[in-house]
Every structure is written in structure tokens, then in C-alpha cells.
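Visitor: Protein chains in written order, with the numbering used here: chain A, 1 to 150; chain B, 1 to 166.
Hints listed in this document are in silico derivations from the structure and should not be mistaken for laboratory results.
What you are looking at is a predicted structure, and each value in this text was computed from that prediction instead of being measured.
Glycine residues also receive a C-beta, built at the ideal position from the N, C-alpha and C atoms.
Incorrect hints may appear among the rest.
What the hints assert, rightly or not - Simulated restraints, written as ranges between beta carbons of each label pair:
1) B/R19 with A/A40: 22 to 32 Å
2) B/L61 with A/R150: 32 to 42 Å
3) B/D22 with A/G77: 34 to 44 Å
4) B/N122 with A/K142: 39 to 49 Å
5) B/R75 with A/V96: 55 to 65 Å
6) A/E132 with B/E18: 23 to 33 Å
7) B/L127 with A/V48: 44 to 54 Å
8) B/V114 with A/R120: 40 to 50 Å
9) A/R70 with B/S63: 21 to 31 Å
10) B/N122 with A/V96: 22 to 32 Å
11) B/V62 with A/A113: 32 to 42 Å
12) A/A113 with B/S56: 14 to 24 Å
13) A/Q69 with B/K20: 25 to 35 Å
14) B/V114 with A/A113: 19 to 29 Å
Said to hold, decoys possible - Listed below are several chain B residues computed to face chain A (Cβ distance under 8 Å; list not exhaustive):
15) T15
16) V26
17) R29
18) A33
19) I37
20) E40
21) A41
22) S43
23) Q50
24) W52
25) P54
26) V62
27) C64
28) V103
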Amino acid sequence: MFGAAKELRAICARGVVCLQIAHVRFTVNHMVHYQARLDATFAALSDVTRRGVLEQLGGSDASITDLAQRFHMTLTGMKKHVSILEQAGLVSTEKVGRVRTCKLGPRELEEAAAWIEQHRQLWSARFDALDELVEHLKRKEKADAQRKRR
Amino acid sequence: MPNEREGSSAVMNRTVVERKSDRELVVKRTFNAPAHIVFEAWSKPELFKQWWVPKSVGMTLVSCDMDIRTGGAYRLVFSHPAFDQPMAFFGTYREVTPHKRIVWANEESDEGAVTTVTFEENDGKTLVTFHELYPTTAALEDALAGSAEGLPEQFAQLDELLAGRS
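Put together the whole structure using the sequences plus the hints.
Guide: Written out as C-alpha cells, the structure reads:
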């Protein structure tokens with residue numbers, strides 16, 4: 001039943017790619033809102049080179065030239081991969097002088113905010129219910145005390 | 001009762017959630033009642049059952065055993081339409097100080113959190129601080145997924161999504 005997901009987990013059993021998958025998995029919760037984002041993310045993660053790039057950037061930032069050399073491809077080819085990762089928010093790039101440096105993207109920060117929001121919703125609901133129960137118990141205690149006094 | 005919520009101000013009742021560190025979650029809320037009442041609602045299974053699982057989560061608390069004393073055990077069993085099997089959460093109370101403090105260690109896996117809840121009474125109101133400490137960052141990241149939403153459901157959704165793409 002969970003075949004495809006299992007396969008995906010097996011493909012990226014470790015490192016930063018796994019971290020990104022955890023984020024994707026988390027994002028699945030918000031599927032209605034993030035459908036388009038998910039499409040971009042899955043498209044970005046569907047390629048072995050791009051998963052390798054993420055793993056590489058999890059260790060340290062790198063220039064497009066570095067990455068092209070490491071993955072034995074042309075500068076143009078690597079630029080295309082990086083651009084797909086960038087559109088998915090998995091990588092961000094910055095050009096300093098003539099060198100474009102790549103690092104892991106802003107997605108992580110967004111996920112952290114979403115994580116807090118999800119917990120906030122759970123706990124607000126939980127504590128609203130506790131609040132009602134506590135009000136009820138308090139009134140009951142008062143009523144009992146008054147009855148005893150009489 | 002029409003005035004059911006009289007005396008509880010909306011501002012005071014705000015729930016504050018904070019990720020204190022990579023491995024810590026802190027939730028705070030002030031309740032308009034003395035500590036012994038809030039503690040009672042937290043420590044008696046029949047009362048605990050009434051508020052612990054928000055309706056929006058879609059889960060049912062099937063059973064709730066709480067031997068609430070230092071060294072005592074707890075076991076909560078949940079069911080969810082998306083799970084074939086009910087899910088059990090269990091562990092041990094490391095410290096129980098009535099009306100003040102409960103500490104429990106979750107024992108379903110090595111990645112279980114240690115949770116500390118404190119009840120601080122001030123002027124008839126009680127500040128509840130819920131503090132969870134996870135052994136690893138990954139365990140904390142997965143915590144909500146594992147408890148409230150459930151991984152099987154998420155992986156089923158992921159499966160559908162991936163199946164649609166291939």
C-alpha cells in the first residue's frame with residue numbers, strides 16, 4: 001500500500017535528502033494549500049543528480065562550477081538543475097562577482113513556522129477543551145461548598 | 001447554561017507555543033481556576049479523556065490507563081479511521097507532585113520525549129507549562145506527525161501523489 005513512498009524513502013536513506021523528504025512528508029499535511037509547491041518539490045527530487053546536489057549542499061555551500069565538476073557535467077547542465085531546485089525553494093543562490101554560490105534554500109524556515117503553527121492549533125484546541133472542563137469543575141466545587149455551608 | 005464561559009477572558013486564555021531549542025517544545029496557558037482543579041482535570045483518566053484529543057484530529061481515545069504516581073505507568077490507546085490497528089502510547093511517570101508537577105517519559109521507542117508539566121497558582125489562576133524534551137531534533141520534527149496526524153495517513157497520501165506522477 002505504501003510502496004511508492006517506501007521506495008522514495010529507500011532512494012534517499014540518509015543525509016540532507018532525507019531531511020527534505022521529511023519536510024515534504026510534513027508538507028503533505030497541508031496538501032490543499034501547497035499542491036503547487038509539492039509538484040515543484042517532487043519534480044525537483046525526481047532526479048538523481050539533483051538529490052546529489054542537495055546532499056552536497058547539506059555538507060557545505062558550493063559554486064555552480066564546483067557542482068558541475070563534481071557531477072561531471074557542463075556548466076549549462078548544472079545551471080538547469082540548480083534552477084529547478086531553486087524554484088522548489090530547496091536551494092537558494094547568490095552571485096558574488098562572477099561566482100554564483102548555492103546553498104540550501106528558504107524552505108526549511110517556512111517548514112519550521114508551519115511546524116509551530118500546527119502545534120499551536122493542536123494545543124489551542126486541547127486547552128480550549130481543558131478550559132471549559134476546568135470552568136465546569138470550578139463551578140461544581142463552589143456549588144458543593146455552598147451546599148455544605150447551608 | 002447560557003453563561004457557560006463567563007469569567008474566562010479570551011486574552012488570558014491564549015495558548016503560547018514555542019520551540020525553545022532544536023529538541024524542546026514548550027506550551028503555556030493560564031487557566032482561570034486554582035491549581036488543584038487543573039491538576040485534577042489532568043490526572044483523572046475520566047476527566048483527561050474529555051479534553052486531550054481535539055475533535056478536529058478525528059481520533060478516538062479508546063482507552064486511558066493512568067497510574068498517576070511516581071513510578072506508575074500510563075497507556076493511551078487511540079483509534080483513527082485511517083489506521084487498521086489502534087495505536088498505543090505508553091510510558092512511566094517519573095515524578096508526580098500533586099497540584100504542582102507531573103513528569104513522564106514516553107516509551108514507545110528510543111526516540112520518546114520526556115515531558116514535564118507544571119502548575120503554578122497565582123491569585124486563583126493557574127499557569128500551566130507543558131515542556132517536551134526529545135532525544136534528537138528529528139524526533140521532535142516527527143512528533144506531531146506521529147501523534148496527531150499519523151504517518152500511515154501521510155504516507156498513503158504521498159503514495160497517491162507519487163502514483164499520480166508516474
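Visitor: Indicate, hint by hint, whether the structure satisfies it.
Guide: Going down the list of hints, with the structure as the test:
Here the CB-CB span from B/R19 to A/A40 is close to 26 Å, well matched to the stated 22 to 32 Å. Checked against the hint of 32 to 42 Å, the C-beta distance between B/L61 and A/R150 comes to roughly 38 Å, which is consistent with it. Taken as a hint, the range 34 to 44 Å holds for the pair B/D22 and A/G77, whose Cβ atoms sit roughly 36 Å apart. A hinted range of 39 to 49 Å is violated for the C-beta pair B/N122 and A/K142, which are about 19 Å apart.
A C-beta distance of roughly 57 Å is found between B/R75 and A/V96, which places it inside the suggested range of 55 to 65 Å. One distance hint, 23 to 33 Å for the beta-carbon pair A/E132 and B/E18, holds here, with the actual separation near 24 Å. The supplied range of 44 to 54 Å is met by B/L127 and A/V48, whose beta-carbon atoms lie about 52 Å from each other. Between B/V114 and A/R120 the beta carbon distance is about 22 Å. The supplied range of 40 to 50 Å is therefore violated.
One distance hint, 21 to 31 Å for the beta-carbon pair A/R70 and B/S63, is violated here, with the actual separation near 55 Å. Remark: the range hint 22 to 32 Å for B/N122 to A/V96 is contradicted by a beta-carbon distance near 54 Å. For B/V62 paired with A/A113, a C-beta distance near 33 Å keeps the hint of 32 to 42 Å intact. Separated by about 20 Å at the C-beta atoms, A/A113 and B/S56 satisfy the suggested range of 14 to 24 Å.
Against the hinted window of 25 to 35 Å, the Cβ-Cβ separation of A/Q69 and B/K20 comes to about 42 Å, which falls outside the hint. For B/V114 paired with A/A113, a C-beta distance near 25 Å keeps the hint of 19 to 29 Å intact. A distance limit of 8 Å between C-beta atoms decides the matter here; for B/T15 the minimum to chain A is near 4 Å, and the interface restraint holds. Because the smallest distance between the Cβ of B/V26 and any Cβ of chain A comes to about 10 Å, over 8 Å, the interface hint for this residue is violated.
Annotation: interface hint on B/R29 holds; nearest CB of chain A at approximately 5 Å, less than 8 Å. Of the supplied interface hints, the one on B/A33 holds, with its beta-carbon coming within about 5 Å of a beta-carbon of chain A, less than 8 Å. At a threshold of 8 Å, the smallest CB-CB gap from B/I37 to chain A is about 5 Å, leaving the interface hint in force. A least Cβ separation of about 7 Å between B/E40 and chain A falls short of the 8 Å threshold, and the interface hint therefore holds.
This hint holds: B/A41 has a C-beta 5 Å from the nearest C-beta of chain A, less than the 8 Å allowed. At a threshold of 8 Å, the smallest CB-CB gap from B/S43 to chain A is about 12 Å, leaving the interface hint violated. Taking 8 Å as the C-beta cut-off, the interface hint given for B/Q50 holds, the closest approach to chain A being about 5 Å. Hint on B/W52 holds. Least Cβ distance to chain A is approximately 6 Å, under the 8 Å limit.
Nearest Cβ of chain A to the Cβ of B/P54: about 3 Å, under the 8 Å cut. The hint holds. Below 8 Å, beta-carbon pairs count as interface contacts, and B/V62 has none with chain A, the closest being about 18 Å; its hint is therefore violated. With a least beta-carbon distance of about 14 Å to chain A, the hint placing B/C64 at the interface is violated under the 8 Å criterion. Hint on B/V103 is violated. Least Cβ distance to chain A is approximately 19 Å, over the 8 Å limit.
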